[in-house]
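Enquirer: For reference, the chains in residue letters:
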Amino acid sequence: EAGVAQSPRYKIIEKRQSVAFWCNPISGHATLYWYQQILGQGPKLLIQFQNNGVVDDSQLPKDRFSAERLKGVDSTLKIQPAKLEDSAVYLCASSLGLMARADTQYFGPGTRLTVL
Amino acid sequence: KQEVTQIPAALSVPEGENLVLNCSFTDSAIYNLQWFRQDPGKGLTSLLLIQSSQREQTSGRLNASLDKSSGRSTLYIAASQPGDSATYLCAVVTQGGSEKLVFGKGTKLTVNP
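Protein sequences, first through last, are from chains P and V.
Residue numbering for the first sequence follows my numbering, beginning at 1 and increasing consecutively.
Residue numbering for the second sequence follows my numbering, beginning at 1 and increasing consecutively.
Be a bit skeptical, because a hint or two may be false.
Claimed, not checked - Cβ-Cβ distance ranges computed for the label pairs, FRET-style:
hint, chain 1, residue 1, chain 2, residue 2, range
1, V, 70, P, 72, 39 to 47 Å
2, P, 114, V, 60, 30 to 38 Å
3, P, 83, V, 20, 18 to 26 Å
4, V, 81, P, 102, 29 to 37 Å
5, V, 60, P, 64, 39 to 47 Å
6, P, 96, V, 96, 19 to 27 Å
7, V, 96, P, 66, 40 to 48 Å
No wet-lab data here; the hints were simulated from the structure.
If you're wondering where the values come from, they're calculated on a predicted model, not measured in any experiment.
Cβ coordinates follow ideal geometry from the N, Cα and C atoms, glycine included.
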């Protein structure tokens, strides 16, 4: 079974530039998550999709971050414009069911973003 | 607001030692607790998931226990090996509100040959 795919693996941009990350979850997984992991911290949930719909985006800085999940499969996360504090690893995860209380999340390798 | 703390932040042991990693959480109303492993430059791998009604889970040389009432969990690694070197993260799903994983900062484990 193929895992969660993410691209690019690394990205370096200047502040105020825009950047987009792509995630392809495990086939058939209904729920998709984007996390931000700052160096030395645990991952923090940015947004959670169930199929096409957003379940939780309470910690997404909506003035600069946006995300969509196309046809309930692939997802993109965009930052526009980037700030220095956005430097982090962006992790995508997926789970089979609709309830985090019961399902294991499978993580992709992440995209390491450096904002200069 | 749920907060998860992991102690110690880093641990270095010789190969073959048994070791314990600690995790505590402030809100005991959880659905489950999970332990993950993170290798440098890679994503997270789920090791063990303990439902709130369970006391422990075992997988190979790993054993995780949960004391929900006191807000604590431990991950026991038996006969450690250099390949166990990684960062271990604890996370909980809290009851009420959205069901999201709240992570600790992790314990960086180094097993020396």
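Enquirer: If you check the beta carbons of residue 114 of chain P and residue 60 of chain V, does the distance land in 30 to 38 Å?
Expert: holds (37 Å)
Enquirer: Between residue 81 of chain V and residue 102 of chain P, does the C-beta distance stay in 29 to 37 Å?
Expert: With Cβ atoms ~31 Å apart, the hint holds.
Enquirer: Is it true that residue 60 of chain V and residue 64 of chain P lie within 39 to 47 Å of each other by Cβ?
Expert: The hint (39 to 47 Å, Cβ to Cβ) holds, given that residue 60 of chain V and residue 64 of chain P are roughly 43 Å apart.
Enquirer: For the pair residue 96 of chain V and residue 66 of chain P, does the Cβ-Cβ distance stay inside 40 to 48 Å?
Expert: violated (28 Å)
Enquirer: Are residue 83 of chain P and residue 20 of chain V spaced within 18 to 26 Å by their CB atoms?
Expert: violated (39 Å)
Enquirer: Could one say that the CB atoms of residue 70 of chain V and residue 72 of chain P fall in the range 39 to 47 Å?
Expert: holds (40 Å)
Enquirer: Starting from the hint 19 to 27 Å, judge whether the C-beta atoms of residue 96 of chain P and residue 96 of chain V obey it.
Expert: Because 23 Å falls inside the window, the suggested range holds.
Checked against the numbered hints above, the structure breaks hints 3 and 7 and satisfies the rest.
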